[in-house]
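**Q** When you get a sec, could you build the whole thing from the sequences and use the hints?
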Amino acid sequence: MEPQIYRIRPESPFSAEYPLSECDRQVPVRFIRKAFIYAADEDISSTSKDGKNLIRKLQESLKLQIQDLNPDTFTYPQLLGRVISPADGRTSYVRVEESSAIQLKVIDKLDIDFRNLHRNGRFPLETITTGVFGEGLEKEDLIEWPGGPPNLAIQLTFVRGGFVLLLAFDHRICDGYAAGGFVKRWFRQARLGSAADLDPEEGSISTFAIHDKTVLSQTELEGSEQAAQKMRALYENSLPSKLAPKKLFQTSTETMSKVFWIPAPKIKELRSAVGKSSSLTPTIYESILILLWRSIIRNRATPETESASTMSKAAIVMCMRKRLDPPLPKDYFGNAVAGIFAMQPLSHFREKDFIPRAIEEVQEAKKLDGTGFNLQVTSLLVGEQLRKFGIGPPINLLGSDVIFNSWEHIYSSIEDLDLGIGQFCTMRFLMDNPVSPSYICTLPTYGRRSVDVKDGASCQYPGGIELQVNLVENEMALLEKDEEWSKYAVVV
Numbered sequence: 001m002e003p004q005i006y007r008i009r010p011e012s013p014f015s016a017e018y019p020l021s022e023c024d025r026q027v028p029v030r031f032i033r034k035a036f037i038y039a040a041d042e043d044i045s046s047t048s049k050d051g052k053n054l055i056r057k058l059q060e061s062l063k064l065q066i067q068d069l070n071p072d073t074f075t076y077p078q079l080l081g082r083v084i085s086p087a088d089g090r091t092s093y094v095r096v097e098e099s100s101a102i103q104l105k106v107i108d109k110l111d112i113d114f115r116n117l118h119r120n121g122r123f124p125l126e127t128i129t130t131g132v133f134g135e136g137l138e139k140e141d142l143i144e145w146p147g148g149p150p151n152l153a154i155q156l157t158f159v160r161g162g163f164v165l166l167l168a169f170d171h172r173i174c175d176g177y178a179a180g181g182f183v184k185r186w187f188r189q190a191r192l193g194s195a196a197d198l199d200p201e202e203g204s205i206s207t208f209a210i211h212d213k214t215v216l217s218q219t220e221l222e223g224s225e226q227a228a229q230k231m232r233a234l235y236e237n238s239l240p241s242k243l244a245p246k247k248l249f250q251t252s253t254e255t256m257s258k259v260f261w262i263p264a265p266k267i268k269e270l271r272s273a274v275g276k277s278s279s280l281t282p283t284i285y286e287s288i289l290i291l292l293w294r295s296i297i298r299n300r301a302t303p304e305t306e307s308a309s310t311m312s313k314a315a316i317v318m319c320m321r322k323r324l325d326p327p328l329p330k331d332y333f334g335n336a337v338a339g340i341f342a343m344q345p346l347s348h349f350r351e352k353d354f355i356p357r358a359i360e361e362v363q364e365a366k367k368l369d370g371t372g373f374n375l376q377v378t379s380l381l382v383g384e385q386l387r388k389f390g391i392g393p394p395i396n397l398l399g400s401d402v403i404f405n406s407w408e409h410i411y412s413s414i415e416d417l418d419l420g421i422g423q424f425c426t427m428r429f430l431m432d433n434p435v436s437p438s439y440i441c442t443l444p445t446y447g448r449r450s451v452d453v454k455d456g457a458s459c460q461y462p463g464g465i466e467l468q469v470n471l472v473e474n475e476m477a478l479l480e481k482d483e484e485w486s487k488y489a490v491v492v
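Start counting the sequence shown at 1; every next residue gets the next number (the working numbering).
The hints are simulated quantities; they were obtained by calculation from the structure and are not laboratory data. The reader is advised that the hints may include incorrect statements.
Claimed, not checked - Think about it this way: if two alpha-carbon atoms lie no more than 20 Å apart in a straight line, the pair counts; the simulated PhoX-like pairs of lysine-lysine are:
1) K105 x K34
2) K258 x K322
3) K57 x K105
4) K105 x K266
5) K258 x K487
6) K109 x K49
7) K276 x K352
8) K367 x K322
9) K487 x K276
10) K63 x K109
11) K276 x K258
12) K34 x K276
13) K34 x K266
14) K258 x K230
15) K230 x K367
**A** Rendered as structure tokens:
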């Protein structure tokens, strides 16, 4: 059966322009692709009763989310438009036209059996791919769309026994947290229909507030020189030569992506083992970060690079929403993240005292550099370097540096992703191809971090923590065999 293409428009079409913040304009043309996976009755398809109902509910509820801004309704009109980068040097912005629409592609692939997509209730990345569940949603395809990349494109794929809903967001208009806020409201509207309007919490935040870019558009911050001292020093040591310009994101065609699962009991063991060697108490996230950082760099380092002068940087992506003073609304729609650096010499990664040193460095970086003000200053400095030199943060992803990000708390409950049809199982993050090496993302735990579900109990999220790790092939093979890491984590 040929794909069905729906173009979703608001009930009252409109034209408008919406600003981007300094944070938004630092993001290159990349896409956030979330694949939401559902089990359902075997007979669900685009022509079945439940399938038709789902298609209708998704369209009707989305229409309510893409109205023009008004003070009484939570709405996301930017999703309708395109990012415009004027040729005359003016700052980029989002433009919505009366003809703007969001494309929903619906495909039946009933030759695919849902049971073959997961093992013991867990979904390997190789079974959930953009090529199958997002046809035409690869980065190259999105960039070449008429009129420029869409701010949101959607594909709903029915398979035998379930369906996959893939959303592709232009990263320049929002980060993973903002996209998650929209998804929760859209899915809730689809699940509850008109009853969703009766929630008294809906009016607690003005819809204008979640779109207010004022704070993150500031370009002058008092004390910025002192706050940016560490970052400026890193830039000075890594500015590219004219012959070898440094790309914003280093990539490799040999990069591969895998999901590792740490069961709930193993999380406690890992934190205890990491904290045992230090007088400081690490968080669970810090414990995972430090152990994985050591495993990756220890396997990557060579005698030639293990000198005291060669530093490895763990870039930790931090959300600014709650850290600013006053904080941004939790559903702020845009990009509001910045990175801080914890650093250790490569020569320390094989030493017995690496863990206590790393705990101290990570906690100090989070305390001193992770304040709302310092994150804003860091973001401004990154933007300055992009404008002057065309380079992003000073990280060597194919060398000695690693990026850590966390989406763990984006969806606090499995109920956040309930559509009223089918059973939500999990989400997979489909990265641009080739993916950025040395990038680690803690995936959502849906409030089930401490739940210990036995293998095969369900196709729903099995509890514990999942991490998506991107490395070049030979490093991934070494990580899978690393005795310290494999004591706690298994490949999904």
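**Q** Is it true that the CA of K57 sits at most 20 Å from the CA of K105?
**A** Status holds; Cα separation ~14 Å.
**Q** Checking one constraint from the list: CA of K487 to CA of K276, max 20 Å. Satisfied?
**A** holds (16 Å)
**Q** Straight-line Cα separation of K105 and K34 no greater than 20 Å?
**A** holds (15 Å)
**Q** Starting from K258, check that the Cα of K322 is at most 20 Å away, please.
**A** Between K258 and K322 the Cα gap is close to 30 Å, so the pair fails against 20 Å, i.e. violated.
**Q** Are K105 and K266 close enough, with their CA atoms no more than 20 Å apart?
**A** violated (41 Å)
**Q** Given the hint that K258 pairs with K230, test it: the Cα-Cα distance must not exceed 20 Å.
**A** Since the Cα atoms of K258 and K230 sit roughly 33 Å apart, the hinted pair is violated (cutoff 20 Å).
**Q** Are K276 and K352 close enough, with their CA atoms no more than 20 Å apart?
**A** Holds, at about 12 Å.
**Q** Need the status of pair K367, K322: alpha-carbon distance at most 20 Å?
**A** Status holds; Cα separation ~14 Å.
**Q** Between K34 and K276, is the straight-line Cα distance small enough, at 20 Å or below?
**A** Violated. K34 to K276 sits at ~37 Å, over the 20 Å cutoff.
**Q** CA of K34 to CA of K266, is that 20 Å or under?
**A** violated (27 Å)
**Q** Within a Cα-Cα threshold of 20 Å, do K230 and K367 meet the stated pairing?
**A** Given pair K230, K367 holds - Cα atoms ~14 Å apart, limit 20 Å.
**Q** Take the C-alpha atoms of K276 and K258, compute the straight-line distance between them, and say whether it is at most 20 Å.
**A** Between K276 and K258 the Cα gap is close to 29 Å, so the pair fails against 20 Å, i.e. violated.
The structure does not agree with the numbered hints 2, 4, 10, 11, 12, 13, 14 stated previously, though it agrees with the rest.
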